[in-house]
Amino acid sequence: SSSADENDQVIQQEKNIDPKAHVTSKKEELANIAQSIIEDPEKNVDQLRKLREISKDSNIIVKKFAFLTQLAVYKDVLPGYRIRVLSEKEKSVKVSKEVKKLRNYEQSLLANYKAYLQSLQNAVKATEKNPKKEKDAIGRVALQCMCALLTSATHFNFRLNLMNAIIARMSTRKFTDMSAMCRDTIIEIYKNDESGEASLDAVKLTTRMIKAQKYKVHEQVINTFLHLRLRDELVSANRTAASSDSQQQYMKKRKQERRHISRKMRKLEKDRQSVQKEMKEAEAVVDREDKEKKQTETLKLVFATYFRILKHTNDSPLLLPVLEGLAKFAHLINVDFFSDLLKNGGRLDDNEVMCSVSRRVATRKSESLNIDLKDFYTEIYALLLPLALSPNMEDDNDEFFEKDKNKNNDDNESKLTATEQELLMKGFEFMFFRRRQIPTNRSAAFLKRLSIVCLNWPSKTVLECLNKMEKLIQKHPRLDALLTTDDRLTNGVYRAELDDPELCNPFATSLWELYLLEHHYDPKVRQATTHLYNFEHPATANGRREGKL
Numbered sequence: 001s002s003s004a005d006e007n008d009q010v011i012q013q014e015k016n017i018d019p020k021a022h023v024t025s026k027k028e029e030l031a032n033i034a035q036s037i038i039e040d041p042e043k044n045v046d047q048l049r050k051l052r053e054i055s056k057d058s059n060i061i062v063k064k065f066a067f068l069t070q071l072a073v074y075k076d077v078l079p080g081y082r083i084r085v086l087s088e089k090e091k092s093v094k095v096s097k098e099v100k101k102l103r104n105y106e107q108s109l110l111a112n113y114k115a116y117l118q119s120l121q122n123a124v125k126a127t128e129k130n131p132k133k134e135k136d137a138i139g140r141v142a143l144q145c146m147c148a149l150l151t152s153a154t155h156f157n158f159r160l161n162l163m164n165a166i167i168a169r170m171s172t173r174k175f176t177d178m179s180a181m182c183r184d185t186i187i188e189i190y191k192n193d194e195s196g197e198a199s200l201d202a203v204k205l206t207t208r209m210i211k212a213q214k215y216k217v218h219e220q221v222i223n224t225f226l227h228l229r230l231r232d233e234l235v236s237a238n239r240t241a242a243s244s245d246s247q248q249q250y251m252k253k254r255k256q257e258r259r260h261i262s263r264k265m266r267k268l269e270k271d272r273q274s275v276q277k278e279m280k281e282a283e284a285v286v287d288r289e290d291k292e293k294k295q296t297e298t299l300k301l302v303f304a305t306y307f308r309i310l311k312h313t314n315d316s317p318l319l320l321p322v323l324e325g326l327a328k329f330a331h332l333i334n335v336d337f338f339s340d341l342l343k344n345g346g347r348l349d350d351n352e353v354m355c356s357v358s359r360r361v362a363t364r365k366s367e368s369l370n371i372d373l374k375d376f377y378t379e380i381y382a383l384l385l386p387l388a389l390s391p392n393m394e395d396d397n398d399e400f401f402e403k404d405k406n407k408n409n410d411d412n413e414s415k416l417t418a419t420e421q422e423l424l425m426k427g428f429e430f431m432f433f434r435r436r437q438i439p440t441n442r443s444a445a446f447l448k449r450l451s452i453v454c455l456n457w458p459s460k461t462v463l464e465c466l467n468k469m470e471k472l473i474q475k476h477p478r479l480d481a482l483l484t485t486d487d488r489l490t491n492g493v494y495r496a497e498l499d500d501p502e503l504c505n506p507f508a509t510s511l512w513e514l515y516l517l518e519h520h521y522d523p524k525v526r527q528a529t530t531h532l533y534n535f536e537h538p539a540t541a542n543g544r545r546e547g548k549l
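Quick note on numbering: the sequence shown equals residues 1 to 549 in UniProt numbering.
Quick caveat, the hints were computed from the structure, so don't treat them as lab data. Bear in mind that the values here come from a model prediction, so they are computed numbers and not experimental data. Careful: at least some of the hints might be erroneous.
FRET-style restraints, in silico, Cβ to Cβ [to be verified]: (1) E269 - A212: 41 to 51 Å; (2) N122 - K100: 30 to 40 Å; (3) R272 - R84: 53 to 63 Å; (4) K75 - N122: 28 to 38 Å; (5) D184 - K43: 14 to 24 Å; (6) P19 - K43: 29 to 39 Å; (7) I60 - R272: 52 to 62 Å; (8) P19 - K91: 41 to 51 Å; (9) A21 - R208: 43 to 53 Å; (10) K374 - R84: 37 to 47 Å; (11) Q276 - Q437: 47 to 57 Å; (12) S152 - K100: 26 to 36 Å; (13) Q437 - N161: 32 to 42 Å; (14) G80 - E29: 24 to 34 Å.
Using N, Cα and C, we set each Cβ at its ideal position, and we do this for glycine too.
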């Protein structure tokens, strides 16, 4: 037929065109169409279809430019609100010309946007099925466009579709550049989300993906949770205001109920409240209670994932990201989960990490609640003897603490300390010098065990321990009795083999290890030991050094 002949001629002409000239021609066409759409979107909204047709070109460069041109156009013309799909009843209602024109524009824009997203997703899927170099380049550009749309138009329609496609790219065990691009996009969503709605959607999809993969995902996926805006300032700062506001609203409502209101007035009041609600959504006003509710839901999902990994995996590479997340967010959970956290953490191999996590959790919880941390102290006490044989006490543990270049360096709370020595010293700082009431027997047990393990540790760690021991004796005058052989506050025998500081009977012995440290090879250690031994607490400074160790 004549039409078939014409198509063959067009195809033959396209084959004869120089590729460079073809690319230049298409680039000019793309620029002209994009300019016309941006100048008057309502009038030229149908031109979006032409841009999509050009993206089907066989030339790889043209396809890439077509995708990127559409991205630039949509970022410019998409409204700052979500377009609602009209029902059949609404379509049948007669409206003014202006409303009808606006509706036609919005529905056309939404249909073209949906088709554009579908073409991007098809390009990404084609890359997964046939990862050739050319298709991989198209898939990378398509994924880049999807990531840009999600961050720039998070409020707009098809957000869940974009999130689903992007999060699925992070499910691979091998973390590629495209996976990193998706991770950075999700992190940006978490950081910039004011209402918490987008973060909740992303966390739902991420936790669902992790569960579907049977928790065999890359650790960077878990690390994205660290950037969630789950802070307690919203709860603490606004709870008082919320309670006062609710009380005022309750009194106002009671007064209104006392007055007789006609059915017509009630209907008008209901319509007015409905309009106010829609205006609030259009203005993107963040409701305090709604945000707190979404944050609570997000926190539940994150911690459900954390605890499943803690309970069912002992050697997973996900443990460290999970523990880091616990160190940052665990102070927000209910105190009933605190003992469960310590119980599950006690069986992990990376005990030095668990110490840091537990310390941070307990620090924040103990600021507002009087929690008995006996199990926590017992766990740390039991770790001291194994740590005495650790060859990496003062070395950076790079294999455990891999630095993420894209991590927010200002957020010091999300970083775990790099050496066992630093972790231990900060743990002691919390346990004995930030808490007010510590049983003297418990302090004495730690003092004795510290003096034992100091015999094996390197000089820098020994000096830190001697400093902490002196501060502890300053805080508890009764501990001064451990520095002499004359006084005994209890009967019985010191049980060094017990891993319970409450039962080891520390006052039945003395710190005789200081005698050995006074003959240490390091002169600084010798000097610090002599200074500790000669220290006398003001409350007991009555010549109690006659019985020298």
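Checked hints:
no. : hint                    : in the structure
1   : E269 - A212: 41 to 51 Å : 47 Å, holds
2   : N122 - K100: 30 to 40 Å : 33 Å, holds
3   : R272 - R84: 53 to 63 Å  : 20 Å, violated
4   : K75 - N122: 28 to 38 Å  : 21 Å, violated
5   : D184 - K43: 14 to 24 Å  : 37 Å, violated
6   : P19 - K43: 29 to 39 Å   : 34 Å, holds
7   : I60 - R272: 52 to 62 Å  : 57 Å, holds
8   : P19 - K91: 41 to 51 Å   : 47 Å, holds
9   : A21 - R208: 43 to 53 Å  : 49 Å, holds
10  : K374 - R84: 37 to 47 Å  : 57 Å, violated
11  : Q276 - Q437: 47 to 57 Å : 52 Å, holds
12  : S152 - K100: 26 to 36 Å : 29 Å, holds
13  : Q437 - N161: 32 to 42 Å : 56 Å, violated
14  : G80 - E29: 24 to 34 Å   : 29 Å, holds
In terms of the numbered hints stated before, the structure departs from hints 3, 4, 5, 10, 13, listed from lowest to highest.
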